[in-house]
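Undergrad: So the chains spell out like this:
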Amino acid sequence: MATTTTKSAFWRGVRDGAPFLLVSGPFGLLFGVLAAEAGLIVPEALTFSLAVFAGSAQFTALQLMQENAPILIVLISALAVNLRVAMYSASLTPYLGSAPLWQRAIAAYFTVDQSYALSIVKFESEPEMSVPERMAYFFGTNGLVAPGWMAATVTGAMIGAQVPDSWGLDFVLPLAFLAMIGPMLRTPAHVVACFVAVATALPAAALPYNLGLIVAGLAGMMAGARAEVWLERRTKEQST
Amino acid sequence: MSSIDPTTLWTAIIGLAVGSFALRFAFIGIVGGRAMPDWLMRHLRYTAVAIIPALVAPLVAWPAPTGGTPSLPHVAVAALTLAVGYLTKNVLLAMGTGAASFVLLLYLGG
Numbered sequence: 112m113a114t115t116t117t118k119s120a121f122w123r124g125v126r127d128g129a130p131f132l133l134v135s136g137p138f139g140l141l142f143g144v145l146a147a148e149a150g151l152i153v154p155e156a157l158t159f160s161l162a163v164f165a166g167s168a169q170f171t172a173l174q175l176m177q178e179n180a181p182i183l184i185v186l187i188s189a190l191a192v193n194l195r196v197a198m199y200s201a202s203l204t205p206y207l208g209s210a211p212l213w214q215r216a217i218a219a220y221f222t223v224d225q226s227y228a229l230s231i232v233k234f235e236s237e238p239e240m241s242v243p244e245r246m247a248y249f250f251g252t253n254g255l256v257a258p259g260w261m262a263a264t265v266t267g268a269m270i271g272a273q274v275p276d277s278w279g280l281d282f283v284l285p286l287a288f289l290a291m292i293g294p295m296l297r298t299p300a301h302v303v304a305c306f307v308a309v310a311t312a313l314p315a316a317a318l319p320y321n322l323g324l325i326v327a328g329l330a331g332m333m334a335g336a337r338a339e340v341w342l343e344r345r346t347k348e349q350s351t
Numbered sequence: 026m027s028s029i030d031p032t033t034l035w036t037a038i039i040g041l042a043v044g045s046f047a048l049r050f051a052f053i054g055i056v057g058g059r060a061m062p063d064w065l066m067r068h069l070r071y072t073a074v075a076i077i078p079a080l081v082a083p084l085v086a087w088p089a090p091t092g093g094t095p096s097l098p099h100v101a102v103a104a105l106t107l108a109v110g111y112l113t114k115n116v117l118l119a120m121g122t123g124a125a126s127f128v129l130l131l132y133l134g135g
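Chain order of the listed sequences is D and B.
The working numbering numbers the first residue of the first sequence as 112 and each following residue consecutively.
The working numbering numbers the first residue of the second sequence as 26 and each following residue consecutively.
There may be inaccurate statements among the hints.
[As the list claims (entries may be wrong)] Covered stretches of chain B, going by a simulated chain D footprint (3 or more residues, C-beta under 8 Å): (1) 28-35; (2) 47-54; (3) 64-70; (4) 92-99; (5) 108-117.
[Said to hold, decoys possible] Just a few of them, taken from the derived set where beta-carbon distance is under 10 Å, the chain B residues facing chain D: (6) 44; (7) 88; (8) 103; (9) 120; (10) 123; (11) 129; (12) 130; (13) 133.
Keep in mind that the hints were calculated from the coordinates and are not lab data.
A virtual CB, placed ideally from N, CA and C, is assigned to each residue, including glycine.
Using the sequences and the hints given, assemble the complete structure.
TA: In structure tokens form, the structure reads like this:
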């Protein structure tokens, strides 16, 4: 009986995750193409996607390596872009924390935007789910997305090797990032963070070792956090 | 385009693999259900919306295809992509708009 429900939870996850193929597919493809443009061969691009499995961090690292940024800056920046997965991990812990360690370790690898977003909604709306069912659902959400991401990377890398340099694909990466940022600007505080980061990044671009990125990122984060506190306080004052 | 030095590439891949896993495992594996300090969570919320624009801004202001010369069409395409993403909250639609206007830019630029 338990096996049946666990199995059906997995397949529900697969079904719910399927539409996200439309997002991870094109982005995986783009990563492959840009990786090939940067001189990576297909196995290198695939290893990158398999080992790191974090789109925005992969794009960031790729861009900075092309700018010949020091390796430390590459690592710090790419990991900072991916800090949100630490928040996902924190927020999933109450639901999955009592699963066996090996399952939690595998779940950690599969913690990405899609699996998190689907799972947290599911777990909140169906509190009666058992921990094995939750785990099964969580893995199910990645059932198509993860293989899709890898397959798209390989396809993209094969296509990218054929694309002539004259197409100026260098500019596609900033556009892809901008497309990702738009929907992230959910609150005025997010907009403040983004604006301050941009305003700092332009003059700070003169700093050596791509340090400007770190400085501007920190400035944006602090501005966002400040704005959040200020906006909360203002809302409270208005309601009293 | 410049090729990436293999040592840098593999250091980045291994470093990011370990680092990304550590970030993901930190809480679910180690911290458990303990609450995080508010100030830390508040700053973490804005990491992506700060770092990504900081990375993109110089790439738009001094675009690589023009050799780093500021170019109004590139800024316009970038602004349009961001605006569509912000207004529709749809990554795919924004990406499609960006791709379409980028192709237009290629034709116009010859």
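Undergrad: Each hint: holds or not?
TA: Now for the hints, and whether the structure bears them out:
Counting residues of the segment 28-35 of chain B whose CB lies closer than 8 Å to any CB of chain D gives 4, so the stated coverage by that chain holds, three being the minimum. Counting residues of the segment 47-54 of chain B whose beta-carbon sits less than 8 Å from any beta-carbon of chain D gives 7, enough to reach three: the coverage restraint holds. Counting residues of the segment 64-70 of chain B whose C-beta sits closer than 8 Å to any C-beta of chain D gives 6, which meets the bar of three, so the coverage hint holds. Counting residues of the segment 92-99 of chain B whose C-beta lies closer than 8 Å to any C-beta of chain D gives 1; at least three are required, and the coverage claim is violated.
With 10 residues having a Cβ less than 8 Å from any Cβ of chain D, the segment 108-117 of chain B passes the three-residue criterion, so the hint holds. Because the smallest distance between the Cβ of residue 44 of chain B and any Cβ of chain D comes to about 5 Å, under 10 Å, the interface hint for this residue holds. Satisfaction of the interface hint for residue 88 of chain B is found here, the shortest Cβ-Cβ separation to chain D being roughly 6 Å, below the 10 Å cut-off. Interface hint status for residue 103 of chain B: upheld, as the beta-carbon distance to the closest one in chain D is roughly 6 Å, under 10 Å.
Below 10 Å, beta-carbon pairs count as interface contacts, and residue 120 of chain B has one with chain D at about 4 Å; its hint therefore holds. For the restraint placing residue 123 of chain B at the interface with chain D, the shortest Cβ-Cβ distance is roughly 4 Å, inside the 10 Å limit, so the hint holds. At a threshold of 10 Å, the smallest CB-CB gap from residue 129 of chain B to chain D is about 12 Å, leaving the interface hint violated. At a threshold of 10 Å, the smallest CB-CB gap from residue 130 of chain B to chain D is about 8 Å, leaving the interface hint in force.
Residue-level restraint check for residue 133 of chain B is violated (minimum Cβ-Cβ distance to chain D is 12 Å; threshold 10 Å).
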